[in-house]
Amino acid sequence: MDISLSILPVECVILLAPRVLPSVWPVRRAGLFFVLLIRVMDRSASIGQPPCETVTRVDDSNLATLLFNGGSENDYDDVNRFLPGYVTDHRMLLHRNIWFPNHIETPERLSSILNLCDQQGLFERMKKIPSRLASLEEIELFHSKEYVQHVASFEAMATDELQKASSIYDSVYACQHSFTAARLAVGSLLNATEAVLMKRCVNAIALVRPPGHHAMLDAANGFCLFNNVGIAAAHALNAFRLDRILIVDWDVHYGQGIQQKFIHSKQILCVSIHRHEFGSFWPHMPESDWSNIGQDDGLGFNVNVPLNVRGLGDADYLAIFHHILLPLAIEFQPQLILVSAGFDAAVGCPEGEMLLSPRIFAHFTKMLASVASGRLVISLEGGYCIPSLSWSVSCVVRALLNDPIPKLAGLNVPVNPYVVDAMLSLARRLKPYWKCMGNLLSAVNATMTRANQKPLTAHDSVFSAKRTDQTEAACSTILETGHVSNQDHLTNVISDIEKLQLHASKNGISTRGRVDLRVDMVAQPYGDFDVDRLAVFLPEKHWRDAFLIQSTLANVSTFRTRKKDFSRCIKEVEDFAQSLLNGVSVCGCLITEHCVTNFWNMEREVSATLANSTACNVLFVCLSSAMVRVERRSVGQLKVTSVAIPFIHDATRVNHNILDETIVHPDCYNVDLLWSFLLPYVTAISPELVILNVDLDHPNAKHLAPSLLSFIVSNFLTLANSRLLVSANVPTVSYPDKYIKSSLTALLSALAGCDMPVDTLLSNKLSNYSITMVAELVYQLRTVLPTLQSVLLPVSLIDGLPVDMNLWFGRMHRPRPLKILHDYFCKHLKLNRADLISYRTWSTKTPCKICSNRLGNWVCLICSEVFCDSSVNSHREQHREMQRNHNFFVNVTESSVYCYLCSAECGYRSY
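Mapped onto the UniProt record's numbering, the consecutive letters of the sequence shown carry residue numbers 1 to 911.
Honestly, the hints are just simulated from the structure, not real lab data. Given the structure is predicted, the values throughout are model-derived calculations rather than measurements. A portion of the hints provided could be inaccurate.
[Stated by the list, open to error] In the DSS-like style, the derived pairs of lysine-lysine whose C-alpha atoms are separated by at most 25 Å in a straight line are: (1) Lys435 <-> Lys266; (2) Lys849 <-> Lys738; (3) Lys164 <-> Lys145.
Go ahead and model the full structure; you've got the sequences and the hints to work with.
Listed below in structure tokens is the structure:
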């Protein structure tokens, strides 16, 4: 049967094991193997269609519930709810600088974006969310009433009065239309937020101006009149009773307005990545440094990543996302993500002076969409190079549409040492509040120990804390034998997905490409049980070398193996992989049951390898709760092999040739650390095809939460131009249907760009075993993956800096008063105010007494001499060995005290 659908913008191949065809399908069950093929046609065919209708209010129902538990036909009536939305208003173009027409915050910023997206046909594939004027009461959720009335008075002012009124603020202009434009910007973003939260659309972007993230309680600032994102967050808290909102600000300027408003709140996690240059860059605010992590109940919920150097590129920002932002987002588990999306860090912008490619913003969007079940609302902020601004926004819109994510180049380079310094300093500051930050610091320490380097002194306190290893409990591997398949395993999930597709397409609107559904049935007799090695050789194909598809059933019983059926399965895999490489398909999913009875309860996987420099790079990732195997080789032939892999129990069995295969054995409770390593790794090697094997037949597979599967698939879609093949091995009798149903739905939802399941994504129990494994991998990869080495083996913090930087780095780094950094105190050190004032007078640029190092030195509180720490030449330790009673050292730059009696970096109690 051929059916036109409008939900899945991907090609999905679902291979069903024998006798699992749902009874609701009007086909014969005579066959032993069935294939469900969902193919996406060329998206350009949908560009010429009429625009979508305006969004109307629909029932607020949960897609995850519908997919997991089924639903009535009315639950799927509104096709628009599965599409991204956009909102804008041409009246916002009336806001302009009337006394300086060439101002960089010009109406052309918005008009160029609208023109480019319209030319590319992007808006025709999205929902049009209506704009509106925000009410004064809504604006007063963030701003004071007096300030709102002051901005409202702009409408009646003459030109000279407007210039005088706006001159009292920093970098602000206004005209008679500014108040209306600012209200439209706020109201449009509120409508977009409501549309996402009320399930009217899957995510949304608000193309608005003037920007808002600098606007404060009672003051305009930095081209901003009203704080659009801040008001939207306050509205979501007030009207929808949300508990956790993540605000991400990737504008190159520090958005002080948002952070000042929510600095006492633990309901909102604010993460800002901005140019700082030790306070010399606008807005020149000390609270924009990494040391500002919130106040009162909001301690730990205010996160700043200051960028202290210009010219940073894609690899630097991706390191921040992989090691800081994504782990925090995963642990926080937000119910909504709001993005202050400034594009002044894009290449060519005179304000940011950074080198981000426009396509990197599509990667940012896709990574954030993998969290919070895709409930993502993006609001336009800065960006003043019109060509790079418009192209960057179009890349974001394409990511929201679930289009293939463009591949990035040049990522396997060292991360800038200033970025590494900011990341590790921030992680150290946040460690008492976020377990994922402690995991990062522990990985850094373990990696440096593996490399025979002394750990960074600034992080000693993280590693000296007492921990208890979380050993993995022995799991039951008892499987019932004699069952090749279970007829009911996949019936419900396929039925629900089919129902979703059919009802979503019944109005005839195909906004995201035409999708054909084809069911193939093959009738094969039982037999040919005596073959334990199957091979299919295929003719040479154009554009790529020939594929060798080979299946080896090693150490596994061949009882009831059906040669012809398995050969057909292999043929389907080869054809589909070829369609991915040829650009016919975008991505897809292969779902199979094991073709043999597993008497020995051995883990099985499918591996893809390559061997010719002329062919593409294939990345294969095998995922289960027990192991993750990453394999990458440069060959011309693709070989798919079914093998038996023994369980890995000790760190000494980590792979011996890291380029041939990488085996990580995390405990299933510490996946955040694993993905902090794996995502940068797979991004750096820049594959052209990704094959993800999800082993749901592993005894511990129940630890793979559906939301974790969606998170992984969504992030892997940022690789290889979104050419991703997901292979899911479903169990025979191990787990109930509900688990299989939710897992498969999570995989398909992520591929389709639909709402993803919401549950407890990750736990954060710390495992020394996993940290040791990651340290071993990074050590082996140090020469071939400088991106990982520069972050987890940060020797470049000293050696990688230019000579002149070493001379003035300490001078530019502002001294800070000592603070209690941890949740315990040093009982040996008693400080009074006179002592605090005395070492505030010490200069941070004072060199080490022995080696003249000027970066991160320590002052002995007994003799007042200055020495370098263990990350340089360890002269502090040498001094301590010679003077055994000199037990206390203070690091004025990092605002901390090291006590040798505690063997830790400690806070202090003022007596």
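Verification of the hints:
no. : hint              : in the structure
1   : Lys435 <-> Lys266 : holds (16 Å)
2   : Lys849 <-> Lys738 : violated (67 Å)
3   : Lys164 <-> Lys145 : holds (21 Å)
The structure fails to meet hint 2 from the earlier list, while all remaining hints are met.
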